[in-house]
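Visitor: Those sequence lines, one after another, are chains C and P.
Using our numbering, the final residue of the first sequence is 432, and nothing's skipped along the way.
Using our numbering, the final residue of the second sequence is 432, and nothing's skipped along the way.
You may find that some hints are simply not true.
All copies of an identical chain are treated as equivalent in the list; a pair is satisfied when it fits inside any one copy or across any two copies.
To be verified - With a straight-line Cα cutoff of 30 angstroms, these simulated DSS-like cross-link-like pairs (lysine-lysine) come out:
1) K406 to K131
2) K406 to K121
3) K160 to K334
4) K406 to K339
5) K224 to K88
Quick caveat, the hints were computed from the structure, so don't treat them as lab data.
Chain by chain, the residues:
Protein chains: 2
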Amino acid sequence: MIRDKILAEIITIGDEILIGQIVDTNSAWMAVELNKTGISVKQITSISDDEQHILQAFADAEQRADIIIVTGGLGPTKDDITKKTMYQYFGAQSWKTDEETLTIIEKIFAKYNAPLLESNKLQAAVPSNCEVLVNDLGTAPGMLFRKSGKIFISLPGVPYEMINLMERKVLPIITSEFKLGSIVHRTILTVGVGESFLADKLESIENQLPQHIKLAYLPKLGQVRLRLSSYGNNAELLKTEVDAYIEKIAAAIPDNWVAKEDIPLEKVILNIMQSRGLTLSVAESCTGGAISQLFTQHAGCSSVFMGGAITYSNQLKASILDVKSETLKTHGAVSEATINEMVTGALVNFNTDYAIAVSGIAGPDGGQPDKPVGTVWIAVANKNKTIAQKFVFGNKRQQNIERSAVNAFHLLYKLLKSDKID
Amino acid sequence: MIRDKILAEIITIGDEILIGQIVDTNSAWMAVELNKTGISVKQITSISDDEQHILQAFADAEQRADIIIVTGGLGPTKDDITKKTMYQYFGAQSWKTDEETLTIIEKIFAKYNAPLLESNKLQAAVPSNCEVLVNDLGTAPGMLFRKSGKIFISLPGVPYEMINLMERKVLPIITSEFKLGSIVHRTILTVGVGESFLADKLESIENQLPQHIKLAYLPKLGQVRLRLSSYGNNAELLKTEVDAYIEKIAAAIPDNWVAKEDIPLEKVILNIMQSRGLTLSVAESCTGGAISQLFTQHAGCSSVFMGGAITYSNQLKASILDVKSETLKTHGAVSEATINEMVTGALVNFNTDYAIAVSGIAGPDGGQPDKPVGTVWIAVANKNKTIAQKFVFGNKRQQNIERSAVNAFHLLYKLLKSDKID
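Here chain C stands alone, though its shape is the one from the complex (with noise of 0.2 angstroms):
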């Protein structure tokens, strides 16, 4: 089949995500994996465990896409009831039993010791117009149906096992089977500007921009990325045109943007700090460990991210960090007095090249008349420098914790470029 435009659609069964137990990142991570293939997802659809609203879904999806991804509802519970409704919809004549499903089923039991149960056996069971997608992590297996020139395929939706189905199986079979068009994005990173203001610089060039690219801002907690697409046929063509306006986007806001790449701020910090050979410690108190999580969800931090501390109470900012047991009496945890004891304690006593503090009230409890809740001071820190910052965010916990962590990246950027022109 060749086609301009392949299409593809992903429709999750399951209340989790309609009561809003789950969060959808089964489908964000699909969405990625089938553009980078060259294959547009026109629509993520979340749907109960409804057998006439699955085939519904089932059908409008048929109208509008080539390829239709559906997760969920296949574990062997009496709510699961995709596996019936595939059934159903592909008119089926009859269960077959996958033998290789089986084997796995009863090796993972064996495994665990657990006693493998008739409903677990059944797993084993598709439709017999169905072809299996062997999923050697779990029980319940993936199938493929074609139905009208069109491909459907059923996941499970525990997340390590979609995703090893999807790269083992699925985008093989579908770029085998689809001649498929070229999607190239490109992203830059901005931070510290609105969406508002970039539109502005960047107004000649989006007005310059041909029909096949678009330009996407994407706004997030002080930052905006703004995205390129472009569609067409030679990807390396596409690349090159690309490429070029990116060039040109940077060099009309070149104070605002960070990264010419989709990474975050905080492996653009890292990548910095590698190639200069630099080490970063950190001393935490309210973000309580999220600045070090964003770092070590990148591997091979290691070579720049020593660690650090996480000084929740003022006992473990003395002992551990050396801040001043009469600062903190004089000043408050909250304040540019501890906040600069805390980062030279991170930076003497965790022996690196640079360190990031941070203290505030995250709330929605302990805020004060003079320091209330959403106060944050932040600290960064090289041997010669040492820059500190007071924040005054508002009163959610989560967006204070997030808030806190890009405006410590966006410091200390500043720190390390500052010395790069020194």
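Fit chain P to the supplied structure of chain C, relying on the hints for placement.
Guide: Here is chain P on its own, set in the frame of chain C:
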């Protein structure tokens, strides 16, 4: 309007979700809030900023639901077309400027000393037939349209603006206009056993459940949440009934449930320790702050969680936790000897009643023949007892971090439970 069941749909507009650049946390939050008021979410749909697709999605949703909430696509830039598409769908005749919104826009730009552009002022223009939901946190106002007895609401996609408008405007309007039936959800958290094991233990209870009560199994990383959902008109009665079934379920799996409410495992631990007046510290290596962050996301954790160390480097394991350099040299950082010294170091140096230590190879690199990627040592301790256990997970970094955290919590939970019994 009096109806047995009020249905809502959520439509998100914009490429970000469809290309997987962001995860749809907005819809999850809205779903939780709508469910709390007794409104069921029938479908969540993510579509691109394509006019025809938006119009079709509106028409489809109007067929199925009473309330349609649309987020995104309200920015000042060219790719934002939600407002003009709504203008068309609802047959508006003209635009009106919302003066209150214009004042807010002017204030926001004055506060940040940013130049007020024409595109920013245009944010205050709305279709003349909408009710404006003034957004005091941003420049894009919410809009409410009525059509054939259905309510359409458009909200900005910026999470805190959306949340603020939902809490202050949308939910009050909805609950006052619709006479809502009730939904009661209750959840039991289990750890360490699988879905099928639980389904087997609960089979007879599940068969007794009346038609209007549903039991769902929600598995995630070694935990399964069992959720009972009950639908009807008398909230008090539903609650009494669901409560009774929750007790029956708990009694059937006495060794497996850890909470009879929908809270995460680390919150179960915080609650137990808070009630016993106990304190906790951590020594995190491969989890890199993930454990601390899970604790500190909970307001009020500071009475239990004192903080700890992120000792990514061996140097910090030695200097902060007093791990002996011979131990590191002889056994390596990922070993029983090291983890025991780490947990003791945390307990003693941070002066807490309990401590958690984790050291492992999160991957994807750093594996050795005898210690493959995914090898993790976890220890929990109090003054009298240390439990150390080795785990071998897979080769996915983020998953290894999450599994390490969950298993650390499970070990600590078991230690706390045994201490109670002793």
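Visitor: Now look at each hint and say whether the structure bears it out.
Guide: Verification of the hints:
1. In this assembly of identical chains, the alpha carbons of K406 and K131 lie at most 30 angstroms apart only when taken from different copies (28 angstroms versus 47 angstroms within one copy).
2. Taking the shortest alpha-carbon separations for K406 and K121, only the inter-copy value of 21 angstroms comes in at or below 30 angstroms, while the best intra-copy value is 45 angstroms.
3. Proximity of K160 to K334 under the C-alpha cut-off of 30 angstroms is found in neither arrangement, the shortest distances being 69 angstroms within a copy and 62 angstroms between copies.
4. For the identical chains of this complex, K406 and K339 are intra-copy neighbours only, at 27 angstroms inside a copy versus 45 angstroms across copies, given an alpha-carbon limit of 30 angstroms.
5. In the homo-oligomer, the alpha carbons of K224 and K88 lie at most 30 angstroms apart only across protomers (10 angstroms), although the nearest pairing inside one protomer, at 45 angstroms, exceeds that limit.
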